[in-house]
Amino acid sequence: MKFASKFDRRILLRGLFQGSSVAMALPFLDCMLDNSGQAFAATGTKIPVRFGTYFWGCGLNKQLFLPQTAGKDWEITPQLASLKPLQKKLNLVSGMRVPLDDNPNFQHWSGNAAIMTGIAPTQANAFDAPTLDQTIADAIGRGTRFKSIEVACSGIKSESFSSLGGKNINPPETSPMALYKKLFGTGFQDPQRPDWKPDPQVMVQQSVLSTVAEDRKRLMSQVGANDKQRLEQYFDSVRQAEQQIEAELQRPEIAAKVEIPTEPGQMPVSKAVPTLQRVVPLMAKLIAIGIATDQTRVFNVALSESASTIFMPGDSKPFHQTTHEEAIDPVLQYQLTASKFSTYSVEMFASLLKELDSVPEGDGTLLDHMLVLGYTDVSFAKIHALDGIPMVLVGGANGRMKGGYHIDGHGDPVSRVGLTIQHALNMPASNWGKFSLNTNKPITEILV
Amino acid sequence: MRRTATAIGFFALGLLGVSASVGMAAESRHMVQIRRLNEQEYKHSIADIFGPQIVVQGTFEPETRIGGLLATSTTVLSITPSGFSGLSALADSIADQVVNEKNRGKLISCKPKSEKEADHDCAAEVITHYGELLWRRPLTQGEVADKTKLADELAASKGNFYTGLRYGLASLLQAPDFLFRIEYALKDGKNYTLDPYSRASRLSYLLWDSTPDAELLRAAENGELGKPDGVAKQVDRMMVSPHLETGVRAFFFDSLELDAYDNVTKDTLIYPKWSSAVAEAAREDTLRTVVDITLKSDGDVRDLMTTPKSFINRKLAAVYGIPFDFSQEWMEYNFPPESGRIGVLTRISMLSMFDHPGRSSPTRRGVAIMDIFLCEPTPSPPANVDFSIVEDTSSLKTVRERLTLHSTNPACASCHSHSDPIGLPLEEFDSLGMHRNTENGQPIDVSGSLAGKRFKGAAGLGQALHDNPRFTACVARKLYAYGVGANAEDVQPSTFKASYDAFVKGGYRLKTLIKSLANSPEFFRAPAPAAAPPTATKTASTN
Chain G
1 MKFASKFDRR ILLRGLFQGS SVAMALPFLD CMLDNSGQAF AATGTKIPVR
51 FGTYFWGCGL NKQLFLPQTA GKDWEITPQL ASLKPLQKKL NLVSGMRVPL
101 DDNPNFQHWS GNAAIMTGIA PTQANAFDAP TLDQTIADAI GRGTRFKSIE
151 VACSGIKSES FSSLGGKNIN PPETSPMALY KKLFGTGFQD PQRPDWKPDP
201 QVMVQQSVLS TVAEDRKRLM SQVGANDKQR LEQYFDSVRQ AEQQIEAELQ
251 RPEIAAKVEI PTEPGQMPVS KAVPTLQRVV PLMAKLIAIG IATDQTRVFN
301 VALSESASTI FMPGDSKPFH QTTHEEAIDP VLQYQLTASK FSTYSVEMFA
351 SLLKELDSVP EGDGTLLDHM LVLGYTDVSF AKIHALDGIP MVLVGGANGR
401 MKGGYHIDGH GDPVSRVGLT IQHALNMPAS NWGKFSLNTN KPITEILV
Chain U
449 MRRTATAIGF FALGLLGVSA SVGMAAESRH MVQIRRLNEQ EYKHSIADIF
499 GPQIVVQGTF EPETRIGGLL ATSTTVLSIT PSGFSGLSAL ADSIADQVVN
549 EKNRGKLISC KPKSEKEADH DCAAEVITHY GELLWRRPLT QGEVADKTKL
599 ADELAASKGN FYTGLRYGLA SLLQAPDFLF RIEYALKDGK NYTLDPYSRA
649 SRLSYLLWDS TPDAELLRAA ENGELGKPDG VAKQVDRMMV SPHLETGVRA
699 FFFDSLELDA YDNVTKDTLI YPKWSSAVAE AAREDTLRTV VDITLKSDGD
749 VRDLMTTPKS FINRKLAAVY GIPFDFSQEW MEYNFPPESG RIGVLTRISM
799 LSMFDHPGRS SPTRRGVAIM DIFLCEPTPS PPANVDFSIV EDTSSLKTVR
849 ERLTLHSTNP ACASCHSHSD PIGLPLEEFD SLGMHRNTEN GQPIDVSGSL
899 AGKRFKGAAG LGQALHDNPR FTACVARKLY AYGVGANAED VQPSTFKASY
949 DAFVKGGYRL KTLIKSLANS PEFFRAPAPA AAPPTATKTA STN
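Residue numbers (the numbering used here), protein chains in the order written: chain G, 1 to 448; chain U, 449 to 991.
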């Protein structure tokens, strides 16, 4: 860490507290933190690029979402109708698949994990590598309070598909109130306020953390091979807490003008579709303001678990069960009720995007300065099909991503999307993914 | 009393170097396992160390179920950045409460020379004392020095002794040594066995779901816990403590998968009586029933499957339609035989947990019962199976009729022929656990079978489980796996055979099982070092 390597934190502490005032300490910090990059540069800073994911379980129906034509000027389809206002800012990717090599198809898991890691998973409910959002957060999320923010719209604690690898997930916020408290509760200062100043408490926490981090060497020399990675993850987390605190010492430079929302009250959170339709836009609004005020640059929103059990009140069967048990309409060739759940899932994605696109920032909107991946775990849920999983890439990525395309993947590995995202975010990986999912071909048609 | 404990701890640390467990060369002792503390273990530990007046409010990372137990995942999970930032804030809030004006008189054993400046000796005394309780072993001199230095420096810079102490304590509370249970093993003849301090923790988290108390730590320090009679003495003491109930509740909460209730949603259009308060009460009923049978009456664990006795509060009484005595919060209630409510499986909690929001599911119920009570997990169905045949409610009125169609497909039948005959007898109860005789106007057939035994209805199922030796063997298997952090599916029967035999012989008393397990050498057995430390030269492996 730059800060720690140059100055002993405790010396700095004494300077801060034995010195007369915090106000005096400010220019002092200024000169010390000059090397921390764009967030701290003088006027004219480029707006940082952001990344987000939106996941829903149980797929779409090709009869209802697949456009007639590929390329530009495709006609919006019934299941994507809610995305029409943003069609020029999004690219639909169809026809890509998840080659499993020798691994089984872990139902409602393989597709999800493969898209997020570029690796067909070797076990259920565990990631074989850190998820894409975390790799991206390492590259673009430095210097913000939160490396990433996870949100579980239906309130389930285990519903997050962001991970540093293994069975550990990055725990999600499970209600609008919890998300509000995380982003705008204790520790938050509105960067738009003229009296913004670093909280002296933050410096104290930093020296506590450095004492905790001192145990690293002692424990790492003793730990067995099995637990080594886990202990390392713990100490990485400590380090990240230190970085987070470092970020809190700097006033974020922001280009948007936003109103900090007031705390949402307690509200029901559940898997019932009408409840979700109320919760998702609220969560989205909080995320948008959180990003606009540079509290984080990466977010992951999960509408539901992978085998989605969202349901309509009064109808006894949730989404997942419906996909398996509902008969395929002989004329229309799809399941009538299951397809409605898919449409609701896309509509809620649209409501998230709408919030992101409604915040003006610089010469455009937040959405123009980010890239959002909307994805699901299967194409046809009834048979857990992994060929033709629909994915949607939305946002201009600071001018690096075109919009308005429908890309027909022709059976290519889904990892092409992950690689494309990295290129759009200025992370020029030459290839990404493992085994049959390894690819060196980003989707160049949509990259600027 | 606290002062004495501190003094002894410090004395031993200084003079003996706590020879057996801390600070010795790596060849005599190796780290075998680290287990992440779960939310309840954390809360119980804090309450036992600092007292129940300390408010513990924060978010904890979720566990995941491996081999039927959440406890097992604590041996593979770590702490993520967002998890740590929550725990770090929580550590600070706890430390702040410990030193605040209200609590410091009781919790801080010494008074500083001046409140406005650092007092090294007093800070060291407090850190030594709480360090041992929090880390479940005495701190080394270097560790005490590090934390005290932090406290002293911050006391000086903030001009307040207690503020400095707060951060010293906060650093203990967010250290890996508190947030994980770090287990060490020693060579014991040809085998490896846990060192006394690790034994103290294993015992206390199994029996009490909490941290070792001063007496256990004392028994670890003088080596008593390294010997069978020393262990026996401590186990006897722990078995009669009221904390045993906490430990038993924690085990059943985990092994009965009662956490699943956190994610249960019912469709309130179909089940208007459902609410989260009902869910919470139903879960509590199950735990009270378990405690009543296994501890209060020291009864036969198998009675869980046949007991008519339940614990009802106002909410549950309303759902069950039972007159409630408002003079108390909870009342005992014996269901009459004609209610069909025989055993814990027929209460709202177990019936509503493994269902869909608006519909009962004999398959999910059957799968859950096999997994939870018989230790027989069911594999996932094939990926491309066509279920639409079981959908048709117009010609196939009952679930039984629809499920029977599985037998036409051998791939389905191999599992459904096990799970469904266990779930179907419970069809006399709907997804909320309400009694019913018909489904879509058709009378419900509640016949079922388990391991070749045929029976009718929930009462028949309860009796069949009661009589099935796999049920009691499963309790013993899971208790062992829960205690040591192993995957119950991989556990060798030899590891819990002695305790299981004692359990059978003692009339299936849970206390006999716990006591026997805690006294068995297998409970403390540890694997040989997994890999040679990087600096050591490789010698012939004894593996």
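By construction, these hints were calculated from the structure, which means they are not laboratory data. Glycine residues also receive a C-beta, built at the ideal position from the N, C-alpha and C atoms. Among the hints, a few may not be true.
[As the list claims (entries may be wrong)] From the derived model, a few chain G residues whose C-beta atoms are all more than 10 angstroms from chain U:
| id | residue |
| --- | --- |
| 1 | ILE119 |
| 2 | GLN189 |
| 3 | LYS317 |
| 4 | GLY396 |
[What the hints assert, rightly or not] Okay, the calculated bits of chain U under chain G, using three or more residues with CB under 8 angstroms as the criterion:
| id | region |
| --- | --- |
| 5 | 569-583 |
| 6 | 622-629 |
| 7 | 802-813 |
[Said to hold, decoys possible] Under the rule of at most 20 angstroms between Cα atoms (straight-line distance), these lysine to any residue pairs were calculated in the SDA-like manner:
| id | chain 1 | residue 1 | chain 2 | residue 2 |
| --- | --- | --- | --- | --- |
| 8 | U | LYS597 | G | LYS167 |
| 9 | G | LYS157 | U | LEU485 |
| 10 | G | LYS217 | U | ILE820 |
| 11 | G | LYS340 | U | HIS804 |
| 12 | U | LYS959 | U | HIS804 |
| 13 | U | LYS953 | U | PRO975 |
| 14 | G | LYS167 | U | GLU705 |
| 15 | U | LYS953 | U | ALA662 |
| 16 | U | LYS606 | G | SER207 |
Do the hints match the structure? See the list:
| no. | hint | in the structure |
| --- | --- | --- |
| 1 | ILE119 | holds, 19 angstroms |
| 2 | GLN189 | holds, 16 angstroms |
| 3 | LYS317 | violated, 6 angstroms |
| 4 | GLY396 | holds, 28 angstroms |
| 5 | 569-583 | violated (count 0) |
| 6 | 622-629 | holds (count 6) |
| 7 | 802-813 | holds (count 4) |
| 8 | LYS597/U x LYS167/G | violated, 37 angstroms |
| 9 | LYS157/G x LEU485/U | holds, 17 angstroms |
| 10 | LYS217/G x ILE820/U | violated, 41 angstroms |
| 11 | LYS340/G x HIS804/U | holds, 19 angstroms |
| 12 | LYS959/U x HIS804/U | violated, 36 angstroms |
| 13 | LYS953/U x PRO975/U | violated, 30 angstroms |
| 14 | LYS167/G x GLU705/U | holds, 19 angstroms |
| 15 | LYS953/U x ALA662/U | violated, 34 angstroms |
| 16 | LYS606/U x SER207/G | holds, 13 angstroms |
The structure is inconsistent with the numbered hints 3, 5, 8, 10, 12, 13 and 15, although it conforms to all the rest.
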